[in-house]
Amino acid sequence: MFDKIVKALLPSDHHFYDLFDESAQNIVEAGNLLKKLFLTKTATERDKIVTQISVLEHQGDSVTHRIFSELNSTFVTPFDREDIHMLTSRLDDIMDHIDGSAGRVSLYKLTKFPESMIRLTDILHLSIDEVQKAVRLLRDFEQGDQFQKVFKTVNEYENEADKIFERAIADLFEKEKNAIQVIKLKEIYQGLETATDMCEDVANVLEGIYIKHS
Amino acid sequence: MFDKIVKALLPSDHHFYDLFDESAQNIVEAGNLLKKLFLTKTATERDKIVTQISVLEHQGDSVTHRIFSELNSTFVTPFDREDIHMLTSRLDDIMDHIDGSAGRVSLYKLTKFPESMIRLTDILHLSIDEVQKAVRLLRDFEQGDQFQKVFKTVNEYENEADKIFERAIADLFEKEKNAIQVIKLKEIYQGLETATDMCEDVANVLEGIYIKHS
Amino acid sequence: MFDKIVKALLPSDHHFYDLFDESAQNIVEAGNLLKKLFLTKTATERDKIVTQISVLEHQGDSVTHRIFSELNSTFVTPFDREDIHMLTSRLDDIMDHIDGSAGRVSLYKLTKFPESMIRLTDILHLSIDEVQKAVRLLRDFEQGDQFQKVFKTVNEYENEADKIFERAIADLFEKEKNAIQVIKLKEIYQGLETATDMCEDVANVLEGIYIKHS
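Residue numbers (numbering that gives the first Met the number 0), protein chains in the order written: chain L, 0 to 213; chain A, 0 to 213; chain G, 0 to 213.
Hints may contain errors.
In silico lysine to aspartate or glutamate, DMTMM-like type, Cα no more than 20 angstroms apart, as pairs [stated by the list, open to error]:
#1 G:K185 with G:D82
#2 A:K108 with G:E165
#3 G:K111 with G:E175
#4 L:K34 with L:E159
#5 L:K176 with G:E175
#6 A:K162 with A:D144
#7 L:K185 with A:D46
#8 G:K132 with G:D17
#9 A:K211 with A:E81
#10 A:K111 with A:E44
#11 A:K176 with L:E159
#12 A:K34 with A:D17
#13 G:K185 with L:E165
#14 G:K108 with L:D60
#15 G:K174 with G:E157
#16 L:K151 with L:E141
#17 G:K162 with A:D95
#18 A:K151 with L:D161
#19 L:K185 with A:E173
#20 G:K185 with G:D161
#21 A:K185 with L:E186
#22 L:K185 with A:E186
#23 G:K176 with L:E173
#24 L:K151 with L:D121
#25 L:K176 with A:E44
#26 G:K34 with G:E173
#27 A:K111 with G:E157
#28 G:K108 with L:D121
#29 G:K176 with A:E44
#30 A:K108 with G:D161
#31 G:K162 with A:E175
#32 G:K211 with G:D82
#33 A:K185 with A:E81
#34 G:K108 with L:D161
#35 A:K108 with G:E175
#36 L:K211 with G:D82
Reference listing, derived: stretches of chain A covered by chain G, where coverage requires no fewer than 3 residues with Cβ under 8 angstroms from a Cβ of chain G [unchecked claim]:
#37 61-71
#38 88-96
#39 165-174
If you are wondering where the hints come from, they were derived from the structure by calculation, not from laboratory data.
Ideal Cβ placement from N, Cα and C applies to all residues, glycine included.
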């Protein structure tokens, strides 16, 4: 009992940072696999990648759960509880949208991917790398300049993703005459676009934390 | 004025628990009706059920509103204000998705329901029963074991619902050649699936409350 | 440094109210343009309006960003930080849905708009006016009666919008045989309907603030 109280009272900053890093690393790996998915030639190979992403998603869920447990049983946290909650949820959201998009590729038996879908995945991939950088910078609030650079880059990626997405949907409506195919592809586009939105959300949460501590 | 202050200062735990129970009971009844809806033979009978669910949804809104008013005018709450807010909102979300799914059945003039839609409603129905159990357990934080059992069951139901949903959408895309019919049914599937997600969200909020108080 | 501390400690109520007013004014202007959009005859004129709305959306983003920065660097706020955050986010959501709906009109090359789409935009327009009134009333918590009247009106508009929306979607499914056209119009209807939902959400947040201060 006494041990439990002491543990709860002591700041466990390192533990939180480690868990955030683990979450970000998971997302980076899922992003790598997603990029690979759209370039893979056979359905068998694609299904294998989809399963690998799904495993990472489960690992991500477990990290999320550990952060929430930690949050609920710790008195002293490295920054505001609600910011930790928000950051964790948004990281989890990125992973969910990667996993959801990948799952649909396999479930909807898609075999061909428009060029703009591959480009959108590239942007997402780059944005995830920036998110990982930003999460790592959390350990040291002195590095304000680097933070700002990452925020700016993530925002640029999100704007670029937006444009690719809008153009892609308009093209889809114009060129694809099979409405069911339109529905399928549109859903995957939306999953990818929302994933880049969530990267921007992570950046916004981190910016909020940064402002409070600067 | 003095009365108002005293009332605001005194813990009104019972009041909150009663309102949560009322909200859960409403959802249970809506879940029962939804299950009946998909097994009913005539459009007239279905429209009647849809109206009954809509009445429950309005009652649910009123409970939600009362909890929020109570929350905003009470100083001492049985657990964290933001947890009460979240719990109330998620319960309301379950109801909204039941009502939305039922309403669409009537509005889109659907007459036949795929087997997997009925199965999904069964899972939702079972999950809602667990949610009600969990809400009742809130009154006594000593019952940790029972809590854990309910959380586990709700999670299992959610996973099962996920699988049924994904399979159902893939089947829909393969077998239903009428794209407008695909859009209609897909929307109802999504409403049902999101309702089971919201049951899991309620369980997660309750788990958070439980961890803080254990 | 000392200046910064003093600034942070002093209540900056007026600043917050000014920013809320700026956000509401932006939304009012976007709502006016949206109404105009659906009544405009040529694609060139429509594209011009879409661009004007997009400019307002960017201005809105900048106001949102300024409120969040202010919030994160101010110790004393005119009301609860989470209420300020929620109010700001919901106002931003209204704008995002106006901008999203307008953008789709241009992107999807739509040229004809159903009567119910115009009616939905009218309701949204009226609801936004009430939201602006409610935001202005924030400066003076004594005006409880006027607050209540605005809340009631916004709720009535939201119910009316709901009915128009449901009827419109059912009609769309019945009359429009081109599934891709159904998808396009349905998306715009949803954007407009969600914008009126967000007006109601703003009213709910404001009601919460009002209850706490009455």
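Taking the hints in turn, this is what the structure says about them:
1. G:K185 with G:D82: 32 angstroms, violated
2. A:K108 with G:E165: This hinted pair holds, its Cα atoms lying about 12 angstroms apart.
3. G:K111 with G:E175: 13 angstroms, holds
4. L:K34 with L:E159: Since the Cα atoms of K34 (chain L) and E159 (chain L) sit roughly 17 angstroms apart, the hinted pair holds (cutoff 20 angstroms).
5. L:K176 with G:E175: 16 angstroms, holds
6. A:K162 with A:D144: Between K162 (chain A) and D144 (chain A) the Cα gap is close to 28 angstroms, so the pair fails against 20 angstroms, i.e. violated.
7. L:K185 with A:D46: It is violated: about 33 angstroms lies between the C-alpha atoms, which goes past 20 angstroms.
8. G:K132 with G:D17: OK: K132 (chain G) and D17 (chain G) at ~14 angstroms, within 20 angstroms.
9. A:K211 with A:E81: 13 angstroms, holds
10. A:K111 with A:E44: Holds - the C-alpha atoms of E44 (chain A) and K111 (chain A) are around 14 angstroms apart, at most 20 angstroms.
11. A:K176 with L:E159: 35 angstroms, violated
12. A:K34 with A:D17: With a Cα-Cα distance of about 26 angstroms, the restraint between K34 (chain A) and D17 (chain A) is violated, given a limit of 20 angstroms.
13. G:K185 with L:E165: Since the Cα atoms of K185 (chain G) and E165 (chain L) sit roughly 17 angstroms apart, the hinted pair holds (cutoff 20 angstroms).
14. G:K108 with L:D60: 41 angstroms, violated
15. G:K174 with G:E157: Violated, because 25 angstroms separates the two Cα atoms, which is more than 20 angstroms.
16. L:K151 with L:E141: 18 angstroms, holds
17. G:K162 with A:D95: 15 angstroms, holds
18. A:K151 with L:D161: Violated, because 39 angstroms separates the two Cα atoms, which is more than 20 angstroms.
19. L:K185 with A:E173: The given pair, whose Cα atoms are some 17 angstroms apart, holds under the 20 angstroms limit.
20. G:K185 with G:D161: Cα-Cα ~14 angstroms, so holds.
21. A:K185 with L:E186: Roughly 12 angstroms separates the two Cα atoms, so the pair holds.
22. L:K185 with A:E186: Holds - the C-alpha atoms of E186 (chain A) and K185 (chain L) are around 15 angstroms apart, at most 20 angstroms.
23. G:K176 with L:E173: The hint holds at about 17 angstroms.
24. L:K151 with L:D121: 18 angstroms, holds
25. L:K176 with A:E44: 38 angstroms, violated
26. G:K34 with G:E173: Violated: K34 (chain G) and E173 (chain G) sit about 26 angstroms apart, past 20 angstroms.
27. A:K111 with G:E157: Between K111 (chain A) and E157 (chain G) the Cα gap is close to 31 angstroms, so the pair fails against 20 angstroms, i.e. violated.
28. G:K108 with L:D121: 28 angstroms, violated
29. G:K176 with A:E44: Roughly 28 angstroms between the alpha carbons, so the hint for K176 (chain G) and E44 (chain A) is violated.
30. A:K108 with G:D161: Answer holds: K108 (chain A) to D161 (chain G) is near 18 angstroms, not above 20 angstroms.
31. G:K162 with A:E175: 29 angstroms, violated
32. G:K211 with G:D82: Holds - the C-alpha atoms of D82 (chain G) and K211 (chain G) are around 11 angstroms apart, at most 20 angstroms.
33. A:K185 with A:E81: Roughly 33 angstroms separates the two Cα atoms, so the pair is violated.
34. G:K108 with L:D161: 18 angstroms, holds
35. A:K108 with G:E175: 15 angstroms, holds
36. L:K211 with G:D82: 18 angstroms, holds
37. 61-71: holds (count 3)
38. 88-96: violated (count 0)
39. 165-174: violated (count 0)
This entry does not satisfy hints 1, 6, 7, 11, 12, 14, 15, 18, 25, 26, 27, 28, 29, 31, 33, 38 and 39, going by the numbered hints stated previously.
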